[in-house]
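Enquirer: Sequence:
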Amino acid sequence: MAKLRAVLIGATGLAGQQFIAALKDHPYIELTGLAASPRSAGKTYVEALRTANGMTAWFVPESLPESIAKMKVVSGEEVQAKDYDIAFSAVESDVAKDMEPRLARDIPVFSAASAFRYEADVPLLIPPVNAAHSPLVREQQKRRGWKGFIVPIPNCTTTGLAITLAPLAEHFGVKAVMMTSMQAMSGAGRSPGVIGLDILDNVIPYIPKEEEKVQVETKKILGSLQAGGSAIAPHDVRVSCTCTRVAVMEGHTESVFVSLERKASVQEVVAAMREWRGADVSRDLPSAPPRWIEVLDDPFRPQPRLDRDTHAGMATTVGRVREDGVLENGFKYLLVSHNTKMGAAKGAILVAELMRAQGILG
4 MAKLRAVLIG ATGLAGQQFI AALKDHPYIE LTGLAASPRS AGKTYVEALR TANGMTAWFV
64 PESLPESIAK MKVVSGEEVQ AKDYDIAFSA VESDVAKDME PRLARDIPVF SAASAFRYEA
124 DVPLLIPPVN AAHSPLVREQ QKRRGWKGFI VPIPNCTTTG LAITLAPLAE HFGVKAVMMT
184 SMQAMSGAGR SPGVIGLDIL DNVIPYIPKE EEKVQVETKK ILGSLQAGGS AIAPHDVRVS
244 CTCTRVAVME GHTESVFVSL ERKASVQEVV AAMREWRGAD VSRDLPSAPP RWIEVLDDPF
304 RPQPRLDRDT HAGMATTVGR VREDGVLENG FKYLLVSHNT KMGAAKGAIL VAELMRAQGI
364 LG
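Under this note's numbering, think of the first position of the sequence shown as 4, with each following residue one higher.
Derived by calculation from the structure, the hints in this document are not laboratory data. Cβ atoms here follow ideal geometry from the backbone N, Cα and C, with glycine treated the same way. Be aware that one or more of the hints could be misleading.
Label-pair restraints from in silico Cβ distances [stated by the list, open to error]:
no. : residue 1 : residue 2 : range
1   : 208       : 264       : 26 to 34 Å
2   : 266       : 60        : 47 to 55 Å
3   : 206       : 325       : 22 to 30 Å
4   : 331       : 215       : 48 to 56 Å
5   : 194       : 229       : 34 to 42 Å
6   : 145       : 206       : 25 to 33 Å
List of simulated lysine-lysine pairs, DSS-like, C-alpha gap at most 30 Å [as the list claims (entries may be wrong)]:
no. : residue 1 : residue 2
7   : 100       : 212
8   : 178       : 222
9   : 178       : 216
10  : 150       : 222
11  : 178       : 266
12  : 85        : 150
13  : 73        : 46
14  : 6         : 85
15  : 27        : 46
16  : 100       : 46
17  : 85        : 145
18  : 145       : 75
19  : 266       : 212
20  : 6         : 75
21  : 85        : 73
22  : 100       : 216
23  : 100       : 85
24  : 75        : 100
25  : 335       : 222
26  : 212       : 178
27  : 266       : 222
Modelling step: build the complete structure from the supplied sequences, incorporating the hints.
Expert: What follows is the structure in structure tokens.
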């Protein structure tokens with residue numbers, strides 16, 4: 004069977020580079036097109052990465068595939084949907100607002116941008132958590148008259164939180180969540196990114212729009228698809244968070260406090276997370292880890308440097324699960340989630356794999 008022909012928009016940025024690394028040797032998706040800003044158009048990919056001082060600005064640990072290095076880059080405005088089966092979008096939201104709908108008229112678009120996350124007819128998918136929301140794209144196609152659709156992935160900070168809450172919601176019910184994030188610098192990208200003199204010896208206590216994203220997205224992800232598949236009813240969990248930036252390259256750490264609907268023991272909470280396998284359809288996807296959550300007993304874990312790459316960056320690592328004496332039926336724990344793998348490129352590829360497995364992608 005021929006592989007799906009994919010175009011990557013925003014190919015030269017950090018998120019775009021993660022897409023390239025993750026799609027190397029993919030069993031049924033092949034990158035056949037690369038798009039970036041007009042200043043990169045007409046150059047080979049490796050030429051587009053070269054800076055004024057001669058550096059090749061390839062920043063992911065995996066090596067740049069030779070076939071991709073030689074591929075010609077086109078301007079995003081020049082991408083024609085007829086040349087591809089699917090598109091991956093790694094552009095900023097202001098660019099995504101115009102570019103993604105243009106392509107979605109004809110082909111599916113899987114996006115790391117936030118531009119369409121909050122539209123009523125757009126699912127916000129984490130395959131093990133809410134694979135049942137995928138059919139909402141049929142409503143999207145119907146309303147908008149598109150042959151394709153847009154499916155964004157959640158904010159990278161939301162992803163680890165929602166994954167750890169899912170088994171708790173299933174087993175015990177979840178009433179309220181308070182979370183403080185300690186987010187990696189890579190979450191801001193490299194351009195403009197975080198200035199080294201601002202982040203070294205420092206914690207930046209505010210990330211614009213981040214807290215609102217987490218609060219809205221968590222409720223949508225944990226919600227339920229209404230009868231008829233026309234909308235998602237948000238979960239009634241109350242979410243409060245503070246999002247900070249710390250001097251870590253990769254991996255978001257989050258301190259989570261949760262109030263459950265019913266009483267549970269630490270052993271029951273840990274077991275719920277360890278034994279959770281997520282939606283059946285998500286388990287055998289090419290990018291899926293053997294377990295979505297790894298719970299560690301060592302009180303000094305998780306740590307981003309040690310745990311962000313668990314199962315190739317696709318698992319959320321949890322530790323220090325304890326009872327909380329302030330919240331009703333309260334528990335607290337820490338998590339580490341890889342923000343540019345599960346929280347970005349590989350997470351979007353996982354969604355494409357899910358929708359193919361569900362027969363929605365074709």
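Enquirer: Within 30 Å, alpha carbon to alpha carbon, are residue 85 and residue 73?
Expert: 23 Å, holds
Enquirer: For the pair we were handed, residue 85 and residue 150, check the Cα-Cα distance against 30 Å.
Expert: 12 Å, holds
Enquirer: Regarding the pair residue 150 and residue 222, is the alpha-carbon distance no greater than 30 Å?
Expert: Between residue 150 and residue 222 the Cα gap is close to 28 Å, so the pair holds against 30 Å.
Enquirer: Does residue 75 lie within 30 Å of residue 6 when you go C-alpha to C-alpha?
Expert: Distance ~20 Å between residue 6 and residue 75 Cα, so the pair holds.
Enquirer: Taking only the CA atoms, is the gap from residue 27 to residue 46 under or equal to 30 Å?
Expert: Answer holds: residue 27 to residue 46 is near 21 Å, not above 30 Å.
Enquirer: Mind checking the alpha carbons of residue 145 and residue 75 for me, to see if they're no more than 30 Å apart?
Expert: 35 Å, violated
Enquirer: Measure nothing beyond the straight line between the CA atoms of residue 100 and residue 85; if it is 30 Å or shorter, mark the hint as holding.
Expert: Distance ~20 Å between residue 100 and residue 85 Cα, so the pair holds.
Enquirer: Are the Cα positions of residue 266 and residue 212 separated by 30 Å at most?
Expert: With Cα atoms ~34 Å apart, residue 266 and residue 212 exceed 30 Å; violated.
Enquirer: Quickly compare the C-alpha distance for residue 100 and residue 46 to 30 Å and report which way the hint goes.
Expert: 25 Å, holds
Enquirer: Taking 30 Å as the top limit, are the C-alpha atoms of residue 6 and residue 85 close enough?
Expert: 16 Å, holds
Enquirer: Hint check: residue 100 vs residue 212, CA-CA at most 30 Å. Holds or violated?
Expert: 17 Å, holds
Enquirer: Against the range 26 to 34 Å, how does the distance between the Cβ atoms of residue 208 and residue 264 compare: consistent or not?
Expert: 32 Å, holds
When each numbered hint is compared with the structure, violations occur for hints 4, 6, 18 and 19.
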